[in-house]
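*Asks:* Here's the letter readout for the chains.
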Amino acid sequence: MSINRKSQMEIMGLAIIIILLMLALVFVVRFTLIPNQNAPKKEFSQAQIAANTLNAMLQTNVEECNEATIERLFVDCAQRTSIIDCGTGGSFVNACDFLFGNPPGINSFLKNSIFLNTLDLWEIPYTLTFNDAQEVASDSGDEKCSAEHVGTVYSSRDLKEAKIGLGGGTVLIVQMELCS
Amino acid sequence: MKAQIRMGESIAVMVVFFFLIVIAYSFYVKIQQSSLAVDIGKAQELRAIQLAQLVYYMPEVQCSSGTQLVKESCFDTLKLEKFKGILAGDGRLFYFRLFGYSNISIHQVYPPSSWITPDYDYDNDGTKENILLYSRNAPQDDPIRFKSTKVAQMPVALYDPIQKKYAYAYLVVEYVY
Numbered sequence: 198m199s200i201n202r203k204s205q206m207e208i209m210g211l212a213i214i215i216i217l218l219m220l221a222l223v224f225v226v227r228f229t230l231i232p233n234q235n236a237p238k239k240e241f242s243q244a245q246i247a248a249n250t251l252n253a254m255l256q257t258n259v260e261e262c263n264e265a266t267i268e269r270l271f272v273d274c275a276q277r278t279s280i281i282d283c284g285t286g287g288s289f290v291n292a293c294d295f296l297f298g299n300p301p302g303i304n305s306f307l308k309n310s311i312f313l314n315t316l317d318l319w320e321i322p323y324t325l326t327f328n329d330a331q332e333v334a335s336d337s338g339d340e341k342c343s344a345e346h347v348g349t350v351y352s353s354r355d356l357k358e359a360k361i362g363l364g365g366g367t368v369l370i371v372q373m374e375l376c377s
Numbered sequence: 150m151k152a153q154i155r156m157g158e159s160i161a162v163m164v165v166f167f168f169l170i171v172i173a174y175s176f177y178v179k180i181q182q183s184s185l186a187v188d189i190g191k192a193q194e195l196r197a198i199q200l201a202q203l204v205y206y207m208p209e210v211q212c213s214s215g216t217q218l219v220k221e222s223c224f225d226t227l228k229l230e231k232f233k234g235i236l237a238g239d240g241r242l243f244y245f246r247l248f249g250y251s252n253i254s255i256h257q258v259y260p261p262s263s264w265i266t267p268d269y270d271y272d273n274d275g276t277k278e279n280i281l282l283y284s285r286n287a288p289q290d291d292p293i294r295f296k297s298t299k300v301a302q303m304p305v306a307l308y309d310p311i312q313k314k315y316a317y318a319y320l321v322v323e324y325v326y
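Chains D and F are the protein sequences, given in the same order.
Numbering-wise, the working numbering comes out as the position in the first sequence, counting from 1, plus 197.
Numbering-wise, the working numbering comes out as the position in the second sequence, counting from 1, plus 149.
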């Protein structure tokens, strides 16, 4: 009888140890294995910022280019008409060189006057691509914000497009990508 | 004597067991507290974004032509000037119910020199040009609430209907909770 009771007690002890181990395991799974989800703010506001940056930017008048809008500068750049002069001090600067810099990235209006005090300031990695050719990208982050780096360098990416119609079925596409 | 020793053993085991339970419970409570703080932070971040969106799509400030809205992501500077006056005057109580304790301002990015119609509120260094739309400071005597701030920014175009020009700016909402 006493042997039976002793073995019952031992089994109870083992059961308690197993329950404690299972509790510990639940904690480990809860706090280490389940990845942290992105804050809702980032997911939600990033898409909004991308869309609103494009909308606001395209409407802006540029003093250096006889008050032409940035949308008009994109059109002039794509058509290679060089109608708009963005030069100061008598020298002619075409819309492409003005927007994206010459060589590309150096003295870019979009980079220095638009993104430096907004997206760069807020440390949001971005890439603005025009007609799949010219682009302006952020300096922050290890890699350029693009689809190929999602899942490795960045956890998420939002892409917004603005389409500028030129007539005759031609459409210019300005893409804004924001990563986090 | 033997029974007393057994009793002592049992009591010691129970003391250790309850001690372990207390430690585990305090650990659990601490984790719950920190996750609650994170959840509250996330909720307040959403509130800041909600507030930014509310201002962003307010017909009181959006660019319009006649009765139709014509431009997205655009604030009319004359409307802003008028709205600022309303927020500081008769509409103070009404808009407090919407905005609560927060600061709402617009920072002009390009062109750097101000050409738009409303007056600017210059920063202390005199360099940044802001339009302070709404400002309501939280009471300082509350020991728990109103100790943290969440900020939401949103790019926007500023339209001057007199000169018919657009500037690039961004809306900043600082929500105090």
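The hints are simulated quantities; they were obtained by calculation from the structure and are not laboratory data.
The structure presented is a predicted model; accordingly, all values stated were derived computationally and were not measured.
There could be a bad hint or two in this list.
If you want a taste of the chain F side facing chain D, the calculated C-beta under 10 Å gives, among others [to be verified]:
hint, residue
1, PHE168
2, LEU169
3, THR216
4, CYS223
5, ARG246
6, PHE248
7, VAL258
8, PRO260
9, ASP291
10, ALA301
11, GLN302
12, ALA306
13, PRO310
14, ILE311
15, LYS313
16, ALA316
Coverage of chain D stretches by chain F, computed from C-beta distances (three or more under 8 Å per stretch; other residues unrestricted) [stated by the list, open to error]:
hint, stretch
17, 248-256
18, 270-278
Note that the Cβ used here is the ideal one computed from N, Cα and C, for glycine as well.
*Asks:* Please name the hints from earlier in the document that this structure breaks, with their numbers sorted from lowest to highest.
*Replies:* Numbers 1, 3, 5, 6, 9, 13, 14, 18 - these are the hints that the structure violates, sorted from lowest upward.
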